[in-house]
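Sequences listed follow chains A and B, in order.
At position 6 of the first sequence the residue is numbered 6 (this note's numbering), and the sequence of numbers has no breaks.
Heads up, this note's numbering is the position in the second sequence plus 461, with the first residue counted as 1.
In case anyone wonders, no lab produced these hints; they're calculated from the structure.
Treat the numbers as computed from the prediction; the structure is a model and nothing was measured.
Hints are not guaranteed to be accurate.
Unchecked claim - If we take Cβ atoms under 10 angstroms as the criterion, some of the chain A residues that face chain B in the derived model are:
| hint | residue |
| --- | --- |
| 1 | I29 |
| 2 | G36 |
| 3 | T37 |
| 4 | Q41 |
| 5 | I187 |
| 6 | L237 |
| 7 | Y238 |
| 8 | L409 |
Quick reminder that beta carbons are idealized off the backbone N, C-alpha and C, glycines included.
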Amino acid sequence: MQEEKKNPKNPVWSFFSSVRLTLALLIIIALAAVIGTVVPQQEAAGESLQKLPPALAGIVKFLQVTDLYHSPWFLLLMGLLTVNLVVCSLNRLPVSLRLYRRRPGPDRPGLYDALPPDRVLEAEGGVEAEADRMERALRKTLGNVERKQGDQAVWLAAHRGAWSYFGVYAVHAGVLVIILGAVIGSILGFDGHVNIPEGGSVDAIELRGGKGEMKLGFEVRCDDFDVEFYDSGMPKLYRSDLSFMKGGEIRARGVLMVNHPLEFEGIRFYQSTYGAVPGEAVLVITGKGQRTVRRARQGERFDIEGGKAQVEILRIEGNLMRMGPAVKIGVREGDRALSFWVFKFIDAIEEQNPGITRQVPQFNAGLYRPYRFGLEGIETSFYTGLKVNRDPGVPVVGTGAFLLVAGFLLTFFSSHRQIFVRVDRRNGKTRVSVAGQSSRDPAKLDRAVARAVRIYRGEAS
Amino acid sequence: MNTKMLGWATVIYLVAMAFYLIRLLREDEYWGKLATGTALFGLALHTAGIAVRWWESHQMGLGHAPLANFYESMIFFSWAIMLLYLIMEWRIGSRVIGPFVTPVAFLSMAYASLSPDEATRIQPLIPALQSNWLTSHVVTCFMGYGAFAIAFGLGVLFFARRFFSGKENPAKGPTGPFPDEGAVEELIYHSTIMGFIFLSLGIITGSVWANFAWGAYWSWDPKETWSLITWLIYATLLHARLVRGWRGKRVAVMAIAGFASVLFTYLGVNYLDSLHSYLM
Ligand code: HEM
Numbered sequence: 001m002q003e004e005k006k007n008p009k010n011p012v013w014s015f016f017s018s019v020r021l022t023l024a025l026l027i028i029i030a031l032a033a034v035i036g037t038v039v040p041q042q043e044a045a046g047e048s049l050q051k052l053p054p055a056l057a058g059i060v061k062f063l064q065v066t067d068l069y070h071s072p073w074f075l076l077l078m079g080l081l082t083v084n085l086v087v088c089s090l091n092r093l094p095v096s097l098r099l100y101r102r103r104p105g106p107d108r109p110g111l112y113d114a115l116p117p118d119r120v121l122e123a124e125g126g127v128e129a130e131a132d133r134m135e136r137a138l139r140k141t142l143g144n145v146e147r148k149q150g151d152q153a154v155w156l157a158a159h160r161g162a163w164s165y166f167g168v169y170a171v172h173a174g175v176l177v178i179i180l181g182a183v184i185g186s187i188l189g190f191d192g193h194v195n196i197p198e199g200g201s202v203d204a205i206e207l208r209g210g211k212g213e214m215k216l217g218f219e220v221r222c223d224d225f226d227v228e229f230y231d232s233g234m235p236k237l238y239r240s241d242l243s244f245m246k247g248g249e250i251r252a253r254g255v256l257m258v259n260h261p262l263e264f265e266g267i268r269f270y271q272s273t274y275g276a277v278p279g280e281a282v283l284v285i286t287g288k289g290q291r292t293v294r295r296a297r298q299g300e301r302f303d304i305e306g307g308k309a310q311v312e313i314l315r316i317e318g319n320l321m322r323m324g325p326a327v328k329i330g331v332r333e334g335d336r337a338l339s340f341w342v343f344k345f346i347d348a349i350e351e352q353n354p355g356i357t358r359q360v361p362q363f364n365a366g367l368y369r370p371y372r373f374g375l376e377g378i379e380t381s382f383y384t385g386l387k388v389n390r391d392p393g394v395p396v397v398g399t400g401a402f403l404l405v406a407g408f409l410l411t412f413f414s415s416h417r418q419i420f421v422r423v424d425r426r427n428g429k430t431r432v433s434v435a436g437q438s439s440r441d442p443a444k445l446d447r448a449v450a451r452a453v454r455i456y457r458g459e460a461s
Numbered sequence: 462m463n464t465k466m467l468g469w470a471t472v473i474y475l476v477a478m479a480f481y482l483i484r485l486l487r488e489d490e491y492w493g494k495l496a497t498g499t500a501l502f503g504l505a506l507h508t509a510g511i512a513v514r515w516w517e518s519h520q521m522g523l524g525h526a527p528l529a530n531f532y533e534s535m536i537f538f539s540w541a542i543m544l545l546y547l548i549m550e551w552r553i554g555s556r557v558i559g560p561f562v563t564p565v566a567f568l569s570m571a572y573a574s575l576s577p578d579e580a581t582r583i584q585p586l587i588p589a590l591q592s593n594w595l596t597s598h599v600v601t602c603f604m605g606y607g608a609f610a611i612a613f614g615l616g617v618l619f620f621a622r623r624f625f626s627g628k629e630n631p632a633k634g635p636t637g638p639f640p641d642e643g644a645v646e647e648l649i650y651h652s653t654i655m656g657f658i659f660l661s662l663g664i665i666t667g668s669v670w671a672n673f674a675w676g677a678y679w680s681w682d683p684k685e686t687w688s689l690i691t692w693l694i695y696a697t698l699l700h701a702r703l704v705r706g707w708r709g710k711r712v713a714v715m716a717i718a719g720f721a722s723v724l725f726t727y728l729g730v731n732y733l734d735s736l737h738s739y740l741m
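Just chain B, same shape as in the assembly (with noise of 0.2 angstroms):
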């Protein structure tokens, strides 16, 4: 029931995508209100979807937040992408995001649909997820991440703006249907400011936990490291735009390689041995 749910959302999503594309071609809002539109009905699906998983593993005895493996953790990912992508749009009154950010949730959502079966299936917690601190951890990280995609996706729109635009000027006003390079920049700035909150919340959880399960806070292994470098990313780029006036490409850049590292901590670690690797 729930994959089912959860598998519509992602269509949805490709749907808004779609849309918000259109919106963005034509410049026209009737196309913006329509992508908007879709988008909420593939979050309300989504959200509805993520509730009844839950509901489910209390039918089943199991009754955990649907956050215990990878598959969950992706549809999580993509949850908290839209979530935070919506409200920005409705805080900014502006759609010109929405094509650089839901690719990134449909993504998400579509590489977590092609699990094997197994993987989909909810699964009872091993002895180390069995733990109050699981959810607290999982929802933080996430929604670090997510705030980290859009910036991503901010970052992204800043160069296709450059690219449509030609070389005349860009830096001035506003080019077609984008908005001008300093706004772009302030919001990559907010974004990145909220992924660097909740990934230090993250952190912080995470380490509360180990210190629980593991008995230490810190053991450098491999994801801790690989977040704490994600950290060290973010930093460097809140120094330097704040204290030694980075603007412009510079932060794209940093908020397109900080998001790699960020891909790298959630999926790439699992390549290296690891003790998280029972998310995988």
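The following block holds chain A by itself, in its conformation from the complex (with noise of 0.2 angstroms):
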């Protein structure tokens, strides 16, 4: 309220010390941020940015629009703003300090003139007898008393909450403290992403933003990996078991789940995405009086009939047409060649289309003879996704928010609240004024006064 009175010599000081920089850049940093939410950011940025025309895209590239949370201009807004905060807590630090220690003389004159009539009392006892009877009652409700004794009359002065002008540095304080652990997050913390087939292990993971590989310093294998859906197909549940070795020993273990992080020297692990790898397909062929079971992936090869023939896995497919898992094989021999699917549930399919083998060769596993293929399953592999990071601001933005929630309560829901009495004697009796002075509230002080003086009059405790 009283800003900008100090150091009006010093114009970058006065220019950091204004609030209506404050409420430009406040502005400006929504405005900007929009812009942000509008435009698509990072990796999404790319594709959308081919289908701008050059001179338009050479323009966002330029604004850096793209990446705009960590482009330079948005740094240095909120730079400014850092530096606002601190030029405008430091100048206004005496004023509130002044407030805080600043105790107002309850004989100064002029402060009982104007009381309302419920604030004047009249007593029987004498001047000495009411003053000690209203000092405990003004101790009760706001502490802090002080008694100062005239001539003809005593004053006492009482306050409670003083310290209520800090709750605005708390608050922007907490501002500072957030915006520092950030800053520290992005400089000494790291941010990347690894998938890990399950039983298979890594130990080093993608950094983002393209800023290649970076090594763990151990290893972390994926033992398990499960997700569950509920019957309306939404997913229930995704886990991962993993576990985390050094020199070929376990040296931890642990669930990872959505919501449930895993942390190892210091490097958190977060259940992100996972995805199924093309699986094995489990082949049992048959004929000339044998039957063998074969596993292949897709691309695969192997041979049959002492090696007269090849096969390969053309594709594998979880659900062809809505028939179930099948394979797509190739049979050559010499240069002969056939192609086929296998069905896995075959039977079904013949019985509900008779004939359908005949029909379509294509769909006939009987096709290379005297040879019969089934198809007994596909397994399907999954690997899991997770995120990985460091980040040592957290517990800084963590101190942060909770100064900024303290200095709320302190600035909205605290007031300095300062009551001030004089009891002296007037037309033969013993008078007690009482005026009250609030930084904040009225409405609260008028309640403590009010209870003041019910204490005092014995009506309350």
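Need the complex rebuilt from these two chains, each delivered in its own frame; the hints are there to steer you.
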């Protein structure tokens, strides 16, 4: 309120201590943030940029609006806000300190002149006795009572909540500490991603933003990955069983789920995504009185007929044309080549469409005589996708958030309340006049005054 | 069961809204008392509806607070508005804000009831929502939105007062059924403070949760970013008022603009790509 009165000489200082600058910065940062939510950011930006005319794309790139929140000009805005906050607070601190220390005397002239009638009480006892009673009442309501003795009168001053002048500093310090925490995190922390196939392990992660690989210094193995669904098809649970290993030795194990990260050596792992990798098809080949079971992945080849023919797995489909799992197989013998689909549920399919394997040779798993192919199943294997990071700024940001909220409580729900009392004699009676002053909440002060008066009168305790 | 109760609460709010309006136009507290009674009854039914929905989710073996999808959030938004409004009515002892706030609560309920059947059913939680932070995050955010809705209603009231009282000296004294501008403005300020604190708590609880679920307390996701924009707008209002002495019309305009930003944070963001999109 009483800003900009110190240091009028230094224009830089007065520029940064101005709340007008604050208003401008808050609005500009808000507008910039709006742009950031409309323009696709980072990875998402690439495609959209290509659709733009080159000139426009050039402007967009120049302004760096596709990575707006990390662009120099956005950081500059945040920097300006920081300086603004620091300077503003330093500038105001002496004012608040003065307010905090100031104890206006209860015998100021004029203080009791315009009191409403219910704030002027008449009493039977002497000045000293009534003043004692009032002093006890004030001690109970506000605490911190001072007494001033005059020839004809006694004055009392009580106050409470002077700390509330510093609530705003806690709020502003909270904002600063949060910004500090974000800076610490971006300098000392890292952020990356890694996919681990079930049963596999990794010792490095991919850093975000194309910053390359980073060695972890230990190995992470995915022992098991599970995904469960509700009947409606919505996902119910993602779960990875992880082992953390050093020098081939398991140091820690843990279950990783969404909302339940794991930490090892200061690095945190989060369940982020998962995916299925084309698994192995389990084929049953019968013919010439033999029955063999072969497992193969897509693209894999193997021999049959003692090497005379070769089989290749051309495609693996989990659900082909809604007829269940199927594998497309190519057989080559010399320069003769065949290809056909092998369904898992071929019996049921034939039952529903009698004669289909004759009409559609592509669906005839016995096309390469005398062998017949069957599909026992397709084993899908999963990989788990983990987000991996370390952010030493987190506790700092947490502290800032705490300060912010504590500051709100101090600023908005507490106030400096002062009550002044004069006890003197008038028209042969003892007169008690009660005045008050509040830094922000007159209603709360009125309640305090009313309570003090009730206690004084013995109507409350 | 619960959707029926909530449906009735919607109708009752409409009736309360009508009573508040009649009270305003006829300046007759008989209607005012009727309006308050009706609103209280609506809120009681509304509360019971939410409680029953919670209980039913336990019966279904899902067991989560009814704050997990868009339908449920609209219901809670309306609940927060009515609760805060009735507390305010009781505290200031005036019903004049009723006609400007109850429509927001009613519209939120009515809009929720238009949701497709599928959305009104109690659904199980996807993994990202299986968190203790869900409840505290949603409650704080929507209490904030509710307080801002009241500040918005007061902003509208501010201009309605000018409209009805004509040009002659609108700043002074009560005009007909309306309180004076200074009092309205003071109420806007107090509602904004409540909203600002709750929104801050909502952003903080959301960040804690995001730090568990996504591994980052802040990812500049559109919903996060818009909540920050809203926060900045109200921070601007507080500074402009306290430090630069803005009063009256400017504060009312900002309360209305701020609420537009709240609505965009809540609804508009769903049209942008967002990690939060599971709320739709
Ligand atoms: C995002 C950043 C900021 C936030 C969240 C914030 C928050 C607040 C809050 C909540 C109040 C109390 C308002 C009230 O009592 O109605 C306040 C007051 C104030 N703020 Fe800020 N503020 C921020 C930035 C700044 C900056 C950069 C300045 C620097 C000029 C500043 C200067 C002040 C001043 C001078 C007051 C008045 C203190 C008083 O008279 O008691 N604020 N701020």
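Going down the list of hints, with the structure as the test:
1. I29: The hint holds - A:I29 has a Cβ within 10 angstroms of chain B, the shortest such distance being about 6 angstroms.
2. G36: holds (6 angstroms)
3. T37: Given a least distance of 4 angstroms, the restraint on A:T37 holds.
4. Q41: Since chain B brings a Cβ to about 7 angstroms from A:Q41, closer than 10 angstroms, the hint holds.
5. I187: violated (16 angstroms)
6. L237: Hint holds; A:L237 Cβ to chain B Cβ min 6 angstroms, cut 10 angstroms.
7. Y238: This hint holds: A:Y238 lies near chain B, its Cβ roughly 5 angstroms from the closest one there, short of 10 angstroms.
8. L409: holds (8 angstroms)
In terms of the numbered hints stated before, the structure departs from hint 5 and from no other.
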